[in-house]
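Taking the hints into account, I'd like the entire structure generated from these sequences.
Keeping their order, the protein sequence lines are chains A and P. Under the numbering used here, the first residue of the first sequence is numbered 1, with each subsequent residue one higher. Under the numbering used here, the first residue of the second sequence is numbered 1, with each subsequent residue one higher.
Derived by calculation from the structure, the hints in this document are not laboratory data. Possibly wrong hints are sitting among the right ones.
Dumping the calculated DSSO-like pairs for lysine-lysine here, alpha-carbon to alpha-carbon at most 30 Å [as the list claims (entries may be wrong)]:
hint: 1; chain 1: P; residue 1: Lys237; chain 2: P; residue 2: Lys141
hint: 2; chain 1: P; residue 1: Lys237; chain 2: A; residue 2: Lys187
hint: 3; chain 1: P; residue 1: Lys141; chain 2: P; residue 2: Lys60
hint: 4; chain 1: A; residue 1: Lys218; chain 2: P; residue 2: Lys141
hint: 5; chain 1: A; residue 1: Lys133; chain 2: A; residue 2: Lys18
hint: 6; chain 1: A; residue 1: Lys218; chain 2: P; residue 2: Lys102
Some residues of chain P that are not near chain A, with every Cβ distance over 10 Å (derived) [as the list claims (entries may be wrong)]:
hint: 7; residue: Ala131
hint: 8; residue: Ala146
hint: 9; residue: Phe179
Glycine included, C-beta positions come from ideal geometry on N, C-alpha and C.
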Amino acid sequence: MESFDGSVLWFSLPYLWKGLQYSLFLTFTAMVGGIICGSFLAMARLSGIRIIERLASLYVNFFRSIPLILVIFWLYFLVPLLLQGMTKTEQPITIGPDQTALISFILFESAYYCEIIRAGIQSVPSGQRNAAKALGLNYLQQMRYVIMPQAFHTMLPVLLTQTIVLFQDTSLVYVISGTDFLGAASKIAQRDSRLVEMYTFVALVYFILCYLVSQGVKRLQHQPSFKV
Amino acid sequence: MDSYRWNWQVFWNTVDYGGEQYYQWLVSGLLLTIATSLLAWCLALFLGILLGVCTTTPLKWVCWIGDIYVEVFRNIPLIVQMFLWFFVLPEILPPSWGNWLKTGLPFPEFYTAVFSLAFFTAARIAEQVKAGIMSIPLGQKSAGLAMGFTLLQVYRYILLPCVLRIMIPPLTSEFINIFKNSSVALTIGLLELMATGQQVNEYTFQGMEVFSVVTLLYVGIALVVNAIMAGIEERVKIPGYLEGR
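Right, dumping it as structure tokens:
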């Protein structure tokens with residue numbers, strides 16, 4: 001084995017930091033988008049209207065049975081064609097890996113967030129719903145002011161755990177050459193043929209970040225108000 | 001979308017060089033996906049149960065081994081783990097071993113994919129085994145020990161048979177996950193379903209058809225796995241045991 005060369009890490013830190021920032025940005029945006037879409041999906045799945053329930057559960061089950069990479073490839077291929085169709089131009093309009101990644105993550109993760117939020121909604125005692133109804137709130141108001149706040153509270157640890165998974169999943173933008181943390185590292189690794197240093201460092205950083213957050217989640221779970 | 005030229009015949013077109021037809025690429029990809037995932041699943045199940053049991057034993061240091069394993073393998077993204085096994089491991093091993101991994105081992109991307117998937121999934125199975133064992137009332141274990149069972153026998157005859165039954169639903173999703181996760185192996189050059197799909201797309205530019213078929217195959221795999229696991233669950237059910245849980 002050649003000697004471990006730490007200097008390559010030192011010189012590439014600014015670039016890696018940019019990559020990590022992008023990973024975090026992607027995680028955060030996809031989390032917000034995923035939770036918003038997931039909430040609506042969960043409400044749809046519990047709406048009591050047969051066809052809407054069916055459609056929502058079809059969406060969720062579909063996205064839960066295909067790999068994320070496939071979703072990314074679909075969008076990478078499909079969105080330019082759709083845009084071309086909408087704008088009636090000659091050539092397909094290419095969008096960058098960034099937008100592709102963001103849309104795919106929101107589509108994909110909202111299916112997972114939906115299931116968590118649905119469990120959260122179902123964990124709220126039915127008396128709450130009835131009381132809200134008795135107060136004259138309509139379905140959306142019941143959800144907005146009574147059910148959802150409680151559902152989010154109980155499900156906070158699970159939502160955060162899912163976000164850790166999402167953070168790890170963002171490394172898959174590698175397949176469309178996105179420059180996230182892993183993408184940045186692998187670009188330098190290949191340019192300088194320093195694969196050992198770069199990938200070990202990447203693994204270490206991912207481990208530390210995910211470990212710390214998951215320990216935080218664990219402590220949260222042990223607080224009495226989060227015991228389900 | 002108006003400008004897209006649909007052509008479902010594309011799968012029967014012959015590849016310019018080599019004389020194969022495109023559908024054969026997809027079939028070989030599918031078979032490789034199935035082989036990789038099944039092999040990894042068997043390893044993961046074995047290792048996961050072993051580690052899960054480790055984390056619940058009274059021996060402190062055995063618990064630690066299990067816990068450390070789970071934390072390490074759960075907190076690093078799968079793609080990074082694959083890169084570690086594929087690119088980093090041969091470099092940090094003694095040169096003779098490293099060279100064997102790089103040149104001596106036939107089909108290295110396949111074995112790397114199988115083992116990294118197995119190690120990754122084992123951590124998640126171990127977590128579930130641990131949670132399952134913890135959910136069984138302590139009385140069961142104590143009763144077993146009082147009957148004169150050794151600890152090993154308590155696990156073998158009392159705890160694990162219950163835990164594995166409780167675990168079938170989460171195991172089903174892990175089983176489906178391993179098929180989905182096997183697509184990550186395209187990054188280390190394994191020509192599994194997703195990779196062959198992408199290849200056909202690059203050769204033919206008929207992405208709609210190709211990705212539709214790949215999607216259907218993945219959905220099909222998920223449905224089959226679901227059906228098999230539901231069948232197993234029905235088969236091994238102990239009447240009355242899981243009710244009220």
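Do the hints match the structure? See the list:
1. P:Lys237 with P:Lys141: Given pair Lys237 (chain P), Lys141 (chain P) holds - Cα atoms ~21 Å apart, limit 30 Å.
2. P:Lys237 with A:Lys187: Roughly 52 Å between the alpha carbons, so the hint for Lys237 (chain P) and Lys187 (chain A) is violated.
3. P:Lys141 with P:Lys60: 18 Å, holds
4. A:Lys218 with P:Lys141: 26 Å, holds
5. A:Lys133 with A:Lys18: 50 Å, violated
6. A:Lys218 with P:Lys102: 41 Å, violated
7. Ala131: 12 Å, holds
8. Ala146: The assertion about Ala146 (chain P) holds, with a minimum of 31 Å to chain A.
9. Phe179: 8 Å, violated
When each numbered hint is compared with the structure, violations occur for hints 2, 5, 6 and 9.
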